[in-house]
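J.: Next come the chains, spelled out residue by residue.
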Amino acid sequence: MCTRLVIKHNDVFVLLLALVHMYASNSIAGAENMALYKVEGIVLRRRILGESDRIVTIFGRNYGKISAVAKGARKPKSRLGGRTEPFIYANYLLAEGRNLDIITQAELIDGLPAVRGDLYLTAMATYFIELVDSFTEAREAHDDIFDLLWAVLRLLEGGAEPDLMARIFEVRLMSLLGYRPQLERCARCSALVGSAWRFDVSIGGLLCRECRPSAAHQVTVSADAVRLMRLLLITDIGQLVRAGISEKLLIEIERVMGAFIDYRSESRIRSREFLMQVREERKNKRAVTG
Amino acid sequence: MRAFAKPLAKLIEELTKMPGIGPKTGQRLAYYILQTSRENASKLAEAILEVKDKIHTCSTCNNFTDKDPCGICSDLSRDAATLAVVAEPRDVAAMERSGEFKGIYHVLQGLIAPMEGIGPEDLKIRELLERINTGIVKEVIIATNPNVEGEATAIYLSRLLKPMGVKVSRIASGIPFGGDLDYADEITINRAIEGRKEL
Ligand SMILES: [Zn+2]
Ligand SMILES: [Zn+2]
Numbered sequence: 001m002c003t004r005l006v007i008k009h010n011d012v013f014v015l016l017l018a019l020v021h022m023y024a025s026n027s028i029a030g031a032e033n034m035a036l037y038k039v040e041g042i043v044l045r046r047r048i049l050g051e052s053d054r055i056v057t058i059f060g061r062n063y064g065k066i067s068a069v070a071k072g073a074r075k076p077k078s079r080l081g082g083r084t085e086p087f088i089y090a091n092y093l094l095a096e097g098r099n100l101d102i103i104t105q106a107e108l109i110d111g112l113p114a115v116r117g118d119l120y121l122t123a124m125a126t127y128f129i130e131l132v133d134s135f136t137e138a139r140e141a142h143d144d145i146f147d148l149l150w151a152v153l154r155l156l157e158g159g160a161e162p163d164l165m166a167r168i169f170e171v172r173l174m175s176l177l178g179y180r181p182q183l184e185r186c187a188r189c190s191a192l193v194g195s196a197w198r199f200d201v202s203i204g205g206l207l208c209r210e211c212r213p214s215a216a217h218q219v220t221v222s223a224d225a226v227r228l229m230r231l232l233l234i235t236d237i238g239q240l241v242r243a244g245i246s247e248k249l250l251i252e253i254e255r256v257m258g259a260f261i262d263y264r265s266e267s268r269i270r271s272r273e274f275l276m277q278v279r280e281e282r283k284n285k286r287a288v289t290g
Numbered sequence: 001m002r003a004f005a006k007p008l009a010k011l012i013e014e015l016t017k018m019p020g021i022g023p024k025t026g027q028r029l030a031y032y033i034l035q036t037s038r039e040n041a042s043k044l045a046e047a048i049l050e051v052k053d054k055i056h057t058c059s060t061c062n063n064f065t066d067k068d069p070c071g072i073c074s075d076l077s078r079d080a081a082t083l084a085v086v087a088e089p090r091d092v093a094a095m096e097r098s099g100e101f102k103g104i105y106h107v108l109q110g111l112i113a114p115m116e117g118i119g120p121e122d123l124k125i126r127e128l129l130e131r132i133n134t135g136i137v138k139e140v141i142i143a144t145n146p147n148v149e150g151e152a153t154a155i156y157l158s159r160l161l162k163p164m165g166v167k168v169s170r171i172a173s174g175i176p177f178g179g180d181l182d183y184a185d186e187i188t189i190n191r192a193i194e195g196r197k198e199l
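So the sequence lines, in the order shown, correspond to chains Y and X. Those letters in the first sequence? Residues 1 to 290, per my numbering, in order. Those letters in the second sequence? Residues 1 to 199, per my numbering, in order.
The set of hints was computed from the structure by calculation and includes no laboratory data. Treat the hints loosely; a few may be bogus.
Derived pair list, reagent style DSS-like, types lysine-lysine, alpha-carbon separation capped at 25 Å [as the list claims (entries may be wrong)]:
#1 Y:LYS77 - X:LYS197
#2 X:LYS6 - X:LYS54
#3 X:LYS67 - X:LYS102
#4 X:LYS162 - Y:LYS285
#5 Y:LYS71 - X:LYS24
#6 X:LYS162 - Y:LYS283
Some chain Y residues judged to face chain X by a derived CB distance under 8 Å, without partners named [to be verified]:
#7 LYS77
#8 ARG79
#9 PRO113
#10 ALA114
#11 THR122
#12 ARG270
#13 SER271
#14 PHE274
#15 GLN277
All C-beta atoms, glycine included, are put in the ideal place defined by N, C-alpha and C.
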């Protein structure tokens, strides 16, 4: 309703804009004013709405998951189209709507062009955002998860080993969600665990010899892999990137964490299948080209 | 108490199953059908059934057609050495509207969408490779949307197709014609610069 009044008088427009801002920053949602708020976020997914709109799910700092409408985002001349694609990192200006809020503006922070140009990295980034999407609730702020997600995405963009990023992301994400893998003592009886390790995904930790027979969801894991998992949880990510970590151990941890995530997730993590497929092809290609 | 008589409620229910049609639009359409002549209503019903009975996908290109092979695949004046890969039949329609493209098509019937669980095996990719294997096609133009799914599909296809000895290209993306540079987002501008042309 503002725009209709102001088309001819620039001064009035500026005044009204200031008013809108004042209202927004004071969170006073008048009957006629839509409250505006700013969200710094990463796009998790979007789906088509009607002819040319999109519903975009943004994972926002201070906000958690927000679904909002990007009007006209599917039209070629839209300002919003490119800024509402999965794993775009941007500042969004949202207006409170009757049902869903509306994205009124978006200012790009990082579009991760290198990730977008590589199939395996795209698959990996998709896996990360799918995990965040399936494990977090709408409007539940998770700034620790936000920082973790952005850290691994930025490192992917910078050329860090994608599978190492994935394992770091998995163990840390589960910890931040309250499922920190128990890797020191038996997760059931607290006895010190010696050798021949088993990870029980229903309990979320290692089991001792005594407790083992009664558990149903076990994955075997080597002592080296357990040691590496502990490091992935606590060591500075930059240091891990430089360390040169064995591919074999990462594959072992992938099996453990995959089973753990599947056990905890209510829905199937769909992007993992494609990720595996692309990796197979990538490996075969490497083998051929030497 | 029921808001609508049973037959009317049933019609509204069927209409609102369609994409983009909410309860309000469903009601409006149902009232329109109710008030139109019996002849008009029966034409609509016939058209719906005719589409269901007569339209199927072309066994060569997977586009919708009422004969097999479709009008484009069987048109000898078209350049069979140039093949455009698109996601959906409506993309064929869009390209045909431009009148610029004289080659043939291959409809994938979707795009790779990892989060929706749609992988390469769910698309008509094997059929595409079989067509390329016949040796007639010399250039493949990948005309998928410039978004995450379209890009992923394009990269995936180019890796499969290049070793087969065909030229593989991707449609350019950038500033829309009649658009404003000032209005475009950063990613679009970057891609427009990447795909620039010498004058
Ligand atoms: Zn025990
Ligand atoms: Zn055809």
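J.: A separate judgement is required for each hint: does it hold in the structure or not?
T.: Hint check:
no., hint, verdict
1, Y:LYS77 - X:LYS197, "holds, 21 Å"
2, X:LYS6 - X:LYS54, "violated, 31 Å"
3, X:LYS67 - X:LYS102, "holds, 20 Å"
4, X:LYS162 - Y:LYS285, "holds, 13 Å"
5, Y:LYS71 - X:LYS24, "holds, 20 Å"
6, X:LYS162 - Y:LYS283, "holds, 18 Å"
7, LYS77, "holds, 5 Å"
8, ARG79, "holds, 6 Å"
9, PRO113, "holds, 7 Å"
10, ALA114, "violated, 12 Å"
11, THR122, "holds, 5 Å"
12, ARG270, "holds, 4 Å"
13, SER271, "holds, 4 Å"
14, PHE274, "holds, 4 Å"
15, GLN277, "holds, 6 Å"
Of the hints listed earlier, those the structure fails to meet are numbers 2, 10, in rising order.
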